[in-house]
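*Asks:* Here is what each chain is made of, one letter per residue.
Number of protein chains: 2
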Amino acid sequence: MALKGIPKIKKGDDLGEFILRAAEKQNLSLEENDVIVLAQTIVSKSEGNVVDLREVKPSKLAERIAARLDKDPREIEVILQQSDEIVRLRHVIISRTKHGFICANAGVDHSNVDPEYVTMLPDDPDASAARVRDSIKRKLNVNVAVIITDTQGRAFRRGCVGVAVGVAGMNPLHDLRGKRDLYGKELRVTITSPADDLAAAATAVMGEASEGTPVVVVKGASYDRSQGSARELMRPPEQDLFR
Amino acid sequence: MALKGIPKIKKGDDLGEFILRAAEKQNLSLEENDVIVLAQTIVSKSEGNVVDLREVKPSKLAERIAARLDKDPREIEVILQQSDEIVRLRHVIISRTKHGFICANAGVDHSNVDPEYVTMLPDDPDASAARVRDSIKRKLNVNVAVIITDTQGRAFRRGCVGVAVGVAGMNPLHDLRGKRDLYGKELRVTITSPADDLAAAATAVMGEASEGTPVVVVKGASYDRSQGSARELMRPPEQDLFR
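Protein sequence lines correspond, in order, to chains Y and X. Quick note: to get the numbering used here, add 160 to the position in the first sequence (first position is 1). Quick note: to get the numbering used here, add 160 to the position in the second sequence (first position is 1).
Simulated from the structure, these hints should not be mistaken for laboratory data. Check the hints yourself; a few may be wrong.
You can't tell identical chains apart in this list, so a pair holds if it fits in one copy or across any two.
[Claimed, not checked] Below, computed lysine-lysine pairings styled on DSBU-like, alpha-carbon distance capped at 35 Å: (1) K217 to K299; (2) K258 to K164; (3) K217 to K379; (4) K220 to K379; (5) K299 to K379; (6) K220 to K231; (7) K299 to K220; (8) K185 to K379; (9) K220 to K297; (10) K164 to K217; (11) K185 to K220; (12) K185 to K231; (13) K297 to K170; (14) K185 to K258; (15) K164 to K297; (16) K168 to K185; (17) K345 to K379; (18) K297 to K258; (19) K297 to K379; (20) K297 to K217; (21) K379 to K170; (22) K339 to K171; (23) K297 to K185.
Take these sequences, add in the hints, and give me the full structure.
*Replies:* Right, dumping it as structure tokens:
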């Protein structure tokens, strides 16, 4: 269920507070084991993780890339600063972000923020997720899991889908090794990612444009409780057959 | 919502019939624009798209690969026969299937089927989805969209997620180009994939093991009606920056 009526978020806003108020208004009670999914943009805004492009001095490299991609050199500069490694560079920059994610534009986004500003991914998205979880725990004494999502492109398939960039209160993976199928045989699929499946589920109800709702509550999801970290979702390059 | 009580599927079974009966039993009415998501395995079984491994003669190549990967050479042979191109080969075969999907093991699965058998992806998953859609249309005079899912690994991230391999009655992509954000600016994310987001959502409630429920009904999802085809989800190699 999408939470309606979440206002435009400013630096310092307590997202847990907004979530509670919005849920109350639509008579939705937050219960033990619910999963709260938040779009990355509002988390970044609440943390002030926003850059005023007028204060960015693009490097020579950023200017060259910007000319080639026909993009704003200041935005490219922010992307480079958020990146540890450039994985591909053609009409888009695919990089490994400082958090370890491989995605386009290092998660830097000029949409859903004031003109002349861009949002970046939260500095530590797991910690951001944990803060929302703790805020709800403090106020309601209820344990929820929290997922912070970003909408990202992927290899081989068209269209962006929601993925988890921050996680708290759940194991983002579910290990089926040793489990048996209907016929008592080992399963082909041995590790699933409930965090990414739920991130995609939430993205399907969030929408991207101006009518978007950046917070979704998932009830009855099956996941393993743990502190959790989206870092567990990153495939080490040496194990990545697709790389 | 997962449909409970779908029995083990045999060749020739009318999946639409089973879906209707299961929905009735749990007092779930199927309505216009609902999305019915089916796990690939039951579709393949209903179409007899199952191979008796005892009748497979592995080629020399299949035997060499099988020795290297410590797998059943007959299963490798089926994987090769389902593949048009080998994209990677290390501890797993990543190939482009005859349908055009890039995935591990060409979608060949030894789980959730009788011992000595494997299931393959449906020969034409869009047509399979259309058959289920038509069957429900005939019986209830209701237009639903149908997605056939497979649970697949992906580049850069650990854990398998649900993706759409067959689609009927919906555009698997949603084009946001020209739409505006909260601030009137162009969106960063221009094309989303509701079909894959919903495939992942359904996978989160299906489960993989013996207690799995292979059919999920999604209500209130937002998508563009069209005939649709999962082929639209395939990124042409020359446009695939990740490749």
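*Asks:* Work down the list of hints and note, for each, if the structure agrees.
*Replies:* So, going through the hints one by one against the coordinates:
Taking identical chains as interchangeable, the C-alpha atoms of K217 and K299 are never at most 35 Å apart, the minima being 43 Å within one chain and 64 Å between chains. Only within a single protomer do K258 and K164 lie at most 35 Å apart by alpha-carbon distance; the minimum there is 33 Å, versus 44 Å between protomers. Taking the closest pair of Cα atoms, K217 and K379 never come within 35 Å of each other, the shortest separation being 46 Å inside a single copy and 48 Å across copies. In this assembly of identical chains, the alpha carbons of K220 and K379 never lie at most 35 Å apart, being 49 Å within a copy and 51 Å across copies at closest.
For a Cα distance limit of 35 Å, the shortest separation of K299 from K379 qualifies both inside one copy, at 19 Å, and across copies, at 32 Å. In this assembly of identical chains, the alpha carbons of K220 and K231 lie at most 35 Å apart only when taken from the same copy (14 Å versus 52 Å across copies). Taking the closest pair of Cα atoms, K299 and K220 never come within 35 Å of each other, the shortest separation being 49 Å inside a single copy and 65 Å across copies. Within a single copy, K185 and K379 get their C-alpha atoms as close as 18 Å, and across copies as close as 22 Å, so both meet the 35 Å cut-off.
In this assembly of identical chains, K220 and K297 lie within 35 Å of each other by CA distance neither inside one copy nor across copies; the values are 47 Å within and 60 Å between. Within a single copy, K164 and K217 get their C-alpha atoms no closer than 38 Å, and across copies no closer than 59 Å, so neither meets the 35 Å cut-off. Neither within a single protomer nor between protomers do K185 and K220 lie at most 35 Å apart by alpha-carbon distance, with minima of 51 Å and 66 Å respectively. In the homo-oligomer, the alpha carbons of K185 and K231 never lie at most 35 Å apart, since the shortest distance is 42 Å inside one protomer and 56 Å across protomers.
For the identical chains of this complex, K297 and K170 are intra-copy neighbours only, at 22 Å inside a copy versus 48 Å across copies, given an alpha-carbon limit of 35 Å. Within a single copy, K185 and K258 get their C-alpha atoms no closer than 38 Å, and across copies no closer than 51 Å, so neither meets the 35 Å cut-off. Taking the shortest Cα distances, K164 and K297 sit within 35 Å of each other both inside one copy (21 Å) and across copies (34 Å). Taking the shortest Cα distances, K168 and K185 sit within 35 Å of each other inside one copy (17 Å), while across copies they are farther apart (44 Å).
Proximity of K345 to K379 under the C-alpha cut-off of 35 Å is found in both arrangements, the shortest distances being 31 Å within a copy and 33 Å between copies. In this assembly of identical chains, the alpha carbons of K297 and K258 lie at most 35 Å apart only when taken from the same copy (29 Å versus 50 Å across copies). Taking the closest pair of Cα atoms, K297 and K379 come within 35 Å of each other both inside a single copy (17 Å) and across two copies (30 Å). Proximity of K297 and K217 under a CA criterion of 35 Å is satisfied in neither setting, with 42 Å inside one chain copy and 59 Å between copies.
For the homomeric pair K379 and K170, the shortest alpha-carbon distances inside one copy (28 Å) and between copies (33 Å) are both at most 35 Å. Only between protomers do K339 and K171 lie at most 35 Å apart by alpha-carbon distance; the minimum there is 26 Å, versus 46 Å within a single protomer. For the identical chains of this complex, K297 and K185 are intra-copy neighbours only, at 19 Å inside a copy versus 38 Å across copies, given an alpha-carbon limit of 35 Å.
This entry does not satisfy hints 1, 3, 4, 7, 9, 10, 11, 12, 14, 20, going by the numbered hints stated previously.
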